[in-house]
Amino acid sequence: MFTRFEEYAANQMLGQPDSPPRSDGRLYFSEEWQRTVFGMALALSKAGHFEWEDFRQRLIHSIAAWERDACDGQTTWDYYDRYTLALVAVLEEYGVLRSGELEQQLND
Amino acid sequence: MSELFAYEDDREKGNAARVRALEALLIKKGVLGSDSVDTVLRHFETVAGPFNGARIVARAWTDPAYKQRLLDDTPKAIAELGFPLGMDGAEGEHMKAVANTADTHNLIICTLCSCYPWPVLGLPPYWYKDPVFRARGVREPRAVLREFGVPIAQEKEVKVWDSSAQIRWFVIPERPRHTEHLDEAALAALVTPEAMMGVALVSAPAAA
Chain C
33 MFTRFEEYAA NQMLGQPDSP PRSDGRLYFS EEWQRTVFGM ALALSKAGHF EWEDFRQRLI
93 HSIAAWERDA CDGQTTWDYY DRYTLALVAV LEEYGVLRSG ELEQQLND
Chain H
8 MSELFAYEDD REKGNAARVR ALEALLIKKG VLGSDSVDTV LRHFETVAGP FNGARIVARA
68 WTDPAYKQRL LDDTPKAIAE LGFPLGMDGA EGEHMKAVAN TADTHNLIIC TLCSCYPWPV
128 LGLPPYWYKD PVFRARGVRE PRAVLREFGV PIAQEKEVKV WDSSAQIRWF VIPERPRHTE
188 HLDEAALAAL VTPEAMMGVA LVSAPAAA
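Top to bottom, those sequences are chains C and H.
Taking our numbering, the leading residue of the first sequence gets 33, the next gets one more, and so forth.
Taking our numbering, the leading residue of the second sequence gets 8, the next gets one more, and so forth.
Quick caveat, the hints were computed from the structure, so don't treat them as lab data.
Each hint should be verified, as a subset may be incorrect.
[Stated by the list, open to error] No more than 25 Å apart at the CA atoms, straight line, and that leaves these computed lysine-lysine pairs for BS3-like:
| hint | chain 1 | residue 1 | chain 2 | residue 2 |
| --- | --- | --- | --- | --- |
| 1 | H | Lys163 | C | Lys78 |
| 2 | H | Lys74 | H | Lys103 |
| 3 | H | Lys166 | H | Lys136 |
| 4 | C | Lys78 | H | Lys103 |
| 5 | H | Lys103 | H | Lys136 |
| 6 | H | Lys74 | H | Lys163 |
[Stated by the list, open to error] Stretch-level coverage of chain C by chain H, calculated; a stretch enters the list once three of its residues show a Cβ under 8 Å from a Cβ in chain H:
| hint | region |
| --- | --- |
| 7 | 39-49 |
| 8 | 59-65 |
| 9 | 70-81 |
| 10 | 111-121 |
| 11 | 124-137 |
Each residue gets a CB set at the ideal place from its N, CA and C atoms; glycine is no exception.
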C-alpha cells in the first residue's frame with residue numbers, strides 16, 4: 033500500500049505498542065539523539081541490514097520489559113531509551129555489530 | 008529529589024553519547040552513510056506530513072474554484088498542487104474531501120487506521136485508533152466533539168465519515184474570520200491535523 037519504505041515503517045507502528053511519540057501530526061523528539069536514533073534504525077533497515085519487523089519485535093519486547101520492572105527499580109519512561117536498546121540488540125543479532133563492540137567504541 | 012534528577016540527567020547524557028558512538032561506529036564500518044539519517048528524516052519533515060493537507064486547505068480557502076474541484080474530484084485537485092511523488096498517489100488516490108459549512112460539521116473516524124492518509128494529514132494521535140473513540144464517534148458525535156472543546160449548535164448537522172481502504176476522508180475546516188489579510192502560507196500555518204479530522208476548529212492568530 034505504501035510505496036516508500038519510510039511510510040511503510042512508520043505505518044507498521046501506528047496504533048501498536050511501539051508507536052513513536054508524536055505531536056500535531058509530526059514525530060516528536062525532545063532531544064537531537066532521539067531524532068538520530070530514530071533515523072538510524074530506519075536508514076539501516078531500508079538499506080537491508082535487518083528486517084523492520086524484527087527490529088519492531090525487539091522494541092516491543094524492550095517496552096514490555098520496562099513495564100514489567102517493579103516500581104522500585106524502574107526508571108522514568110523514555111521511548112527512545114527503549115528504542116536504542118532494541119536497535120543495538122537487532123544489530124548484534126544480525127551480526128552488523130559484534131557483541132560488546134559499541135561498549136568498546138564508547139571507551140575509546 | 009535532586010539525586011533523582013541528577014540520575015535522569017546522567018541517563019539522558021548517557022543515551023546521547025551512546026547514540027553518537029553508535030552512529031560513528033556504523034559510519035566507520037561503512038554500514039551507514041554520513042547523511043543517511045537526515046535523508047530518511049527529511050521524508051517526515053518536508054515530504055510527507057500534515058503540512059501537505061494544510062496547503063490543500065489553504066488553497067481551498069483562497070480559491071473557491073479550487074475548493075469546488077477538490078470536493079468534486081479530490082485526487083485530481085490534490086495532484087494540481089504538485090506534491091512530491093507519492094503524496095497524491097499511493098495514499099491520496101482514494102481521498103475524499105468534505106467541507107465544513109455554516110450548516111454542517113464533519114467528523115472523520117477510522118475503523119482501520121492502516122488506511123489513515125498520514126502523508127497528507129500527519130501521523131494520527133494515539134486516541135484516534137482507540138475503539139472507544141471510534142464507537143462513541145459514531146454513536147454520540149456531538150458529545151465527543153463537546154469533549155474536544157468543539158460544541159456544535161443543535162441546528163447544525165453533524166456528519167460522521169468512516170475512513171476505509173476505499174475512501175480516506177478529510178475535512179476542509181471553515182476559514183476563520185478576520186484572516187482576509189493573510190496569504191496562503193500564513194493560512195496553511197493555522198491548519199492543524201485535528202482540524203482536518205473535524206475534532207478541532209481553526210482559529211485566527213491571536214494578533215489578528
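Each hint tested on the structure:
1. With a CA separation close to 48 Å, the supplied pair H/Lys163 and C/Lys78 exceeds the 25 Å bound.
2. At most 25 Å may separate the alpha-carbon atoms for a hinted pair to count; H/Lys74 and H/Lys103 meet this at roughly 12 Å.
3. About 19 Å separates the Cα atoms of H/Lys166 and H/Lys136, which keeps this hinted pair within 25 Å; it holds.
4. Restraint check for C/Lys78 and H/Lys103: not satisfied, since their Cα atoms lie roughly 31 Å apart, outside the 25 Å limit.
5. Our distance criterion of 25 Å between C-alpha atoms is met by H/Lys103 and H/Lys136, whose separation comes to about 20 Å.
6. Taking the CA atoms of H/Lys74 and H/Lys163, the gap is near 21 Å; set against the 25 Å cutoff, the hint holds.
7. With 5 residues bearing a CB less than 8 Å from a CB of chain H, the region 39-49 of chain C meets the requirement of three and the coverage assertion stands.
8. Counting residues of the region 59-65 of chain C whose beta-carbon sits less than 8 Å from any beta-carbon of chain H gives 4, enough to reach three: the coverage restraint holds.
9. Against chain H, the region 70-81 of chain C contributes 9 residues with a C-beta closer than 8 Å to a partner C-beta. That satisfies the three-residue criterion, and the hint holds.
10. With 5 residues carrying a beta carbon less than 8 Å from a beta carbon of chain H, the region 111-121 of chain C meets the three-residue requirement, and the given coverage holds.
11. For the region 124-137 of chain C, the stated coverage by chain H is satisfied: 5 residues place a CB nearer than 8 Å to a CB of that chain, which reaches the threshold of 3.
The structure shown violates the earlier hints numbered 1, 4.
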